[in-house]
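Q: Following the hints, complete the assembly by docking chain B onto the known chain A.
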Amino acid sequence: MIEILVDWCKGCELCIKRCPVNALEISDELNKRGVYPPRLKEENECNYCRLCELICPDFAITVIPDEKKGPKEPKSKLIIGGIVNEV
Amino acid sequence: MTEMIDAEQLRKKYLRDGMLPTIFCNGCGHGNAIDYTFWAIEELGLDMDKVAFASGIGCSSRIPGYINADGLHTTHGRALAFATGIKAANPELHVIVFTGDGDCAGIGGNHFIHAARRNIDMTVLLLNNFIYGMTGGQLAPTAPKGSIATTSPYGNIEEAFNICELAKALGAAYVARWPISYPYQPIKSIKEGIQNRGFALIELMSPCPTAYGRRNKLGKIESLWKWYEDNTILIEEYERIMDYGTEEERKNVKGMFQIGVFQNVKKAGFFEEYDKLVQRLIEKDDAKFKGGSK
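Sequence order for the protein chains is A and B.
Counting from 9, one number per residue, gives the positions in the first sequence under the numbering used here.
Counting from 127, one number per residue, gives the positions in the second sequence under the numbering used here.
Don't read these hints as lab results, they were simulated from the structure.
By construction, the Cβ of each residue, glycine as well, lies at the ideal position given by its N, Cα and C atoms.
Treat the hints with care, since some could be wrong.
To be verified - In silico PhoX-like cross-links for lysine-lysine, where the CA-CA straight-line distance does not exceed 20 angstroms:
no., chain 1, residue 1, chain 2, residue 2
1, B, K352, A, K25
2, B, K346, A, K25
3, B, K352, B, K271
4, B, K352, B, K380
As the list claims (entries may be wrong) - One side only, chain A facing chain B, incomplete, derived with CB under 8 angstroms:
no., residue
5, W16
6, K18
7, G19
8, K25
9, I34
10, C57
11, E61
12, P65
13, F67
14, T70
15, V71
16, I72
As the list claims (entries may be wrong) - Output of the computed footprint for chain A on chain B, the stretches with three or more beta carbons under 8 angstroms from beta carbons of chain A:
no., stretch
17, 134–141
18, 173–182
One chain only, chain A, in its complex shape (with noise of 0.2 angstroms):
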């Protein structure tokens, strides 16, 4: 399972490019920044190799390696000027 802090992605695409078994898309939804965020694929082969987490600059990407969990909705965190606005 790929957990994204949607508002920390600045939309580089480097997750989706990289990856190696192509599990990744861009989502048709906008964050708080504007752009893109990537998501999991509905139909995946994602083997957790935790290279998108390696090489997202921006850590808005973590791989849990746990099959069992259901898919997460995508996390918001999005910081200004000290203020956490989770949701």
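A: Only chain B this time, still in chain A's reference frame:
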């Protein structure tokens, strides 16, 4: 990875909440440098109270602000001088310096030369993006020949500064260069650099799509990452081609950036030598005192 700690735990442990998201542009490699440093520290199991960060001025020097540890944000080019001070005051600390190419090689060049020559125990992460990014894209001394910047609109005519070769010549204990697009090698190098008791320089080639890429027709982040992969060659491979390769192969690899570990030696750092000197003088003094009392 020794323990499977996930990125969220890593973020909670090391990032200073309230400062994120970072100010870096979309596609900037400096975020990766922070990430790799965290993984290296995590794998070594260092206590963050025993790590101090220092930085100068520039994009890369914003990094200690995001790390939940003690850090100094100092004057332009003088990060290494301040880091020497930290090490002198408390030799138990692991000092990690984040510095840019303009900061370390351009403005603080002399500080860099002498820190490397004295072999002071610190880990310098030089984030090389070929440009002075924060001030608007002036030409940095590390920029390759022909690159376009605001101060060289018709192309750079100067030779690039090969900072790894310089550090090697000055006898730094650990010298490595990696592009940011390979995740595992820099983590290993940062680990080795922290463990090394001398001066460790790790040059990370970090892409700057906004100031460098846009002017050099590498504006797309993916193409800039690919450029790093196409224009770098492992040092072992480079040496092999230079020794045994054909003329054409040699011509092809000549303009490429060599990457890899250039130097990894164990030798006593400045403060180890200093401790030895103090010890020697104390012993000498003691002997003198005993001799006089008789």
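Q: Are the hints correct? Go through all of them and say.
A: A quick look at each hint next to the structure:
For the hint pairing B:K352 with A:K25, the CA-to-CA distance comes to about 11 angstroms; that is within 20 angstroms, so the pair holds. The hinted pair formed by B:K346 and A:K25 meets the criterion: a straight-line CA distance of about 12 angstroms does not exceed 20 angstroms. For the hint linking B:K352 to B:K271, the alpha-carbon distance of about 19 angstroms falls within 20 angstroms, and the restraint holds. Restraint check for B:K352 and B:K380: satisfied, since their Cα atoms lie roughly 19 angstroms apart, inside the 20 angstroms limit.
This hint holds: A:W16 has a C-beta 5 angstroms from the nearest C-beta of chain B, less than the 8 angstroms allowed. Evaluation of the A:K18 hint against chain B yields a held restraint, the C-beta minimum of about 4 angstroms falling below 8 angstroms. Annotation: A:G19 was flagged as interfacial toward chain B, and the flag holds, the nearest CB pair being 6 angstroms apart, inside 8 angstroms. Hint status for A:K25 relative to chain B: holds, with the closest Cβ pair at about 5 angstroms, below 8 angstroms.
Hint on A:I34 is violated. Least Cβ distance to chain B is approximately 14 angstroms, over the 8 angstroms limit. Interface restraint check for A:C57: the shortest CB-CB distance to chain B comes to about 11 angstroms, outside 8 angstroms, so the restraint is violated. A distance limit of 8 angstroms between C-beta atoms decides the matter here; for A:E61 the minimum to chain B is near 5 angstroms, and the interface restraint holds. Look at A:P65: its Cβ gets to within about 3 angstroms of chain B, closer than 8 angstroms, so that hint holds up.
Annotation: A:F67 was flagged as interfacial toward chain B, and the flag holds, the nearest CB pair being 5 angstroms apart, inside 8 angstroms. For A:T70, the interface hint holds, since its Cβ comes within 8 angstroms of a Cβ in chain B; the closest pair sits about 4 angstroms apart. At its closest, the beta carbon of A:V71 sits 7 angstroms from a beta carbon of chain B; the interface hint therefore holds under the 8 angstroms criterion. Here the hint on A:I72 is kept, as its CB sits about 6 angstroms from the closest CB of chain B, short of 8 angstroms.
Three residues within the 8 angstroms Cβ limit are the bar, and the stretch 134–141 of chain B against chain A gives 3, so the coverage statement holds. Using a Cβ-Cβ cut-off of 8 angstroms, 0 residues of the stretch 173–182 of chain B lie near chain A, which falls short of the minimum of three, so the contact claim is violated.
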